[in-house]
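Keeping the supplied structure of chain F fixed, place chains H, E, Z, R and D upon it in accordance with the hints.
Now for the letters of each chain:
6 protein chains.
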Amino acid sequence: MRVTVSRKAHFNAAHRLYRKDWSNEQNDTIFGKCNNANFHGHNYELTVSVTGGIDPETGYVIDTKILSDLIKVHIEDAFDHKNLNLDVPEFAELNPTAENIVVVIWQKLRAHIHADKDLEVTLYETPRNFVTFKGE
Amino acid sequence: MRVTVSRKAHFNAAHRLYRKDWSNEQNDTIFGKCNNANFHGHNYELTVSVTGGIDPETGYVIDTKILSDLIKVHIEDAFDHKNLNLDVPEFAELNPTAENIVVVIWQKLRAHIHADKDLEVTLYETPRNFVTFKGE
Amino acid sequence: MRVTVSRKAHFNAAHRLYRKDWSNEQNDTIFGKCNNANFHGHNYELTVSVTGGIDPETGYVIDTKILSDLIKVHIEDAFDHKNLNLDVPEFAELNPTAENIVVVIWQKLRAHIHADKDLEVTLYETPRNFVTFKGE
Amino acid sequence: MRVTVSRKAHFNAAHRLYRKDWSNEQNDTIFGKCNNANFHGHNYELTVSVTGGIDPETGYVIDTKILSDLIKVHIEDAFDHKNLNLDVPEFAELNPTAENIVVVIWQKLRAHIHADKDLEVTLYETPRNFVTFKGE
Amino acid sequence: MRVTVSRKAHFNAAHRLYRKDWSNEQNDTIFGKCNNANFHGHNYELTVSVTGGIDPETGYVIDTKILSDLIKVHIEDAFDHKNLNLDVPEFAELNPTAENIVVVIWQKLRAHIHADKDLEVTLYETPRNFVTFKGE
Amino acid sequence: MRVTVSRKAHFNAAHRLYRKDWSNEQNDTIFGKCNNANFHGHNYELTVSVTGGIDPETGYVIDTKILSDLIKVHIEDAFDHKNLNLDVPEFAELNPTAENIVVVIWQKLRAHIHADKDLEVTLYETPRNFVTFKGE
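Taken in order, these protein sequences are the chains called F, H, E, Z, R and D. My numbering applies: residue 1 is where the first sequence begins, and numbers increase by one. My numbering applies: residue 1 is where the second sequence begins, and numbers increase by one. My numbering applies: residue 1 is where the third sequence begins, and numbers increase by one. My numbering applies: residue 1 is where the fourth sequence begins, and numbers increase by one. My numbering applies: residue 1 is where the fifth sequence begins, and numbers increase by one. My numbering applies: residue 1 is where the sixth sequence begins, and numbers increase by one.
Don't take every hint at face value.
Under the rule of at most 27 Å between Cα atoms (straight-line distance), these lysine-lysine pairs were calculated in the DSSO-like manner [unchecked claim]:
no. : chain 1 : residue 1 : chain 2 : residue 2
1   : Z       : Lys8      : D       : Lys8
2   : D       : Lys33     : F       : Lys108
3   : H       : Lys8      : E       : Lys8
4   : D       : Lys134    : R       : Lys117
5   : F       : Lys134    : F       : Lys65
Hint data in this document are derived by calculation from the structure and do not stem from the laboratory. If you're wondering where the values come from, they're calculated on a predicted model, not measured in any experiment.
Isolated chain F (complex conformation):
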């Protein structure tokens, strides 16, 4: 019997969507107002979901306190109140679209979740736009 345990978290950040190797016209055409050279920002809302068997001793798949601490150390401390393009090494050469951010978050957390558990991450960039990655 496999149960999914989900925990919500959040961070605020600035970002800009563009490619350094494109002209500004090309960036404007593809990324529109998201290419503002002075940046814009979001309240990113995060759901991290871990699926696995229930430990018969504790009744837990994963202690949500442990899951919450993992998210704090590896995601919130790294991304919160940051400029994703300038302050976060993973996006030095990677365009911080929601799709790329959710994959980076998944990869950072995957290393800390036991291999017999599945991991899925959903990231809300706004209350109306969100992305999901399950490592497939």
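Leaving out everything else, chains H, E, Z, R and D in the frame of chain F:
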């Protein structure tokens, strides 16, 4: 690496649940107060989810501006502030239950999403009742 | 010490915004797509707030069970799954704008709330549009 | 064509996380403040999802009125305003973690949903922590 | 120019509504299933609102970090994962209705907010029931 | 009879809290991580509330389409996908705290709302922090 990109939208509409080929008693038995001959209505809230590979050029699976425009043209303009039974051709002979509406929405959007991407639609009829169709 | 006790409720209804004594052109100019002759509809979400002193015996301003029953009998039973224009007597000659609906709801409930308590009603017509009336 | 129909419900309950066969120190180490001997509590929010083919007669996978009644009789009446450890037989010897509660709810409902339909249950213990079980 | 700054917080707790000086029948009549002798519980969601002039130096009415810390120390640490009747001294002789809880929270915070600022507290006992106290 | 009509809107923006005339140490002490020189950002969610008498002709206090257009032209077009410090003239010399932003929004809208109507603006900087200004 396949990521799901989701976009929320909404429309308001009137509808009535009933079958023309049933007696009013039969319609009342099955559809209860949803068979009010004068119609009732809902704020339908929609989530459209597209799953595909990340374009390495743009970092997008699909530009949410493009997805949002598709939803506007094919769903909102067709359904918003309408009577589903009387104003929307797809429901002239099809009972507009939430299940049938979500399938119609999926079919209308499927034609405009590239075949190598998966499509899933969730439709909230009320904040407490919702349906999901993924074309399977 | 006066405390406000609030209770949420909801109903679904169809309606149409128009005046019988105006031409269709005039109605279209003022009410736009809300003037669809076949009606459209909403999930109306309601918050009813009663302000008064705390009864030292019970610790209640008003028992939320009693408040909830008042809303059910006087509002939900009268409005839910109805066509406001055709099925609800209060709107036979009154345009069912959100403003007019919230005043009608307030008046219907006011008669059943003790005079030494204040009453305020908020009505969400959509998750983005809402109105409030406090009887002033 | 299989569509998923989901219905939300809720109940309030007290509980305590601990094992009778562990020392209080061991319980404190694993369950922390959730091991308060005087109990704490939650507003549990529930989503019950049933997946199946659309009945061509009614346009329903399952009538949400029937689904809502099943949840009321088998879950809300059994759990609402209860102490899960002391008042609910299923947890007399089973630690009422969110994971164990969602499996019990799924099992209680599974008996009443037709075998050709799939069942999934999501349980929010808080607005930030939730679990999902689909019987696999 | 006076601006209101609001901060949300939350705590989980068990409680029981009853009066020790009433018979069990009397308690059942008034408090119904809230009088379960084994307790039930809630996720209490809190909004604390402070109104005052904007400090021209900082642009703040009150630093939300300071407000958040006040709520943590005086409310969350005192109430979270507690049994309000048994573990919280303020309710040893006071029935922990939502009305009484919100007044106690207001009183505990009032002592720590500068006298030239107004304080209002809203407490959600469930997502559908909430109370507000502004000290009047 | 005065009714309040409220409309929600939103914009995304980057900002930084600091005073040019303070040392970086002083800015760090007061504004903490909000003083990141590379900026951070938010999804600002806005509620604009207009209170006035109901026009007996239309049943409206204010047409929400007109209100929505005012918010779009004067607030969303000016603030959305912008860096508040660098791109918005009102904050060239004014620290863009939530308090200062809500006052600026109120002042920009006040000029376009008839003088016999009251105006109140609520601005969510995050889902947990918000501010309200009513021009008093």
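- Query: Which hints from the list above does the structure break, by number from lowest to highest?
  - Reply: none
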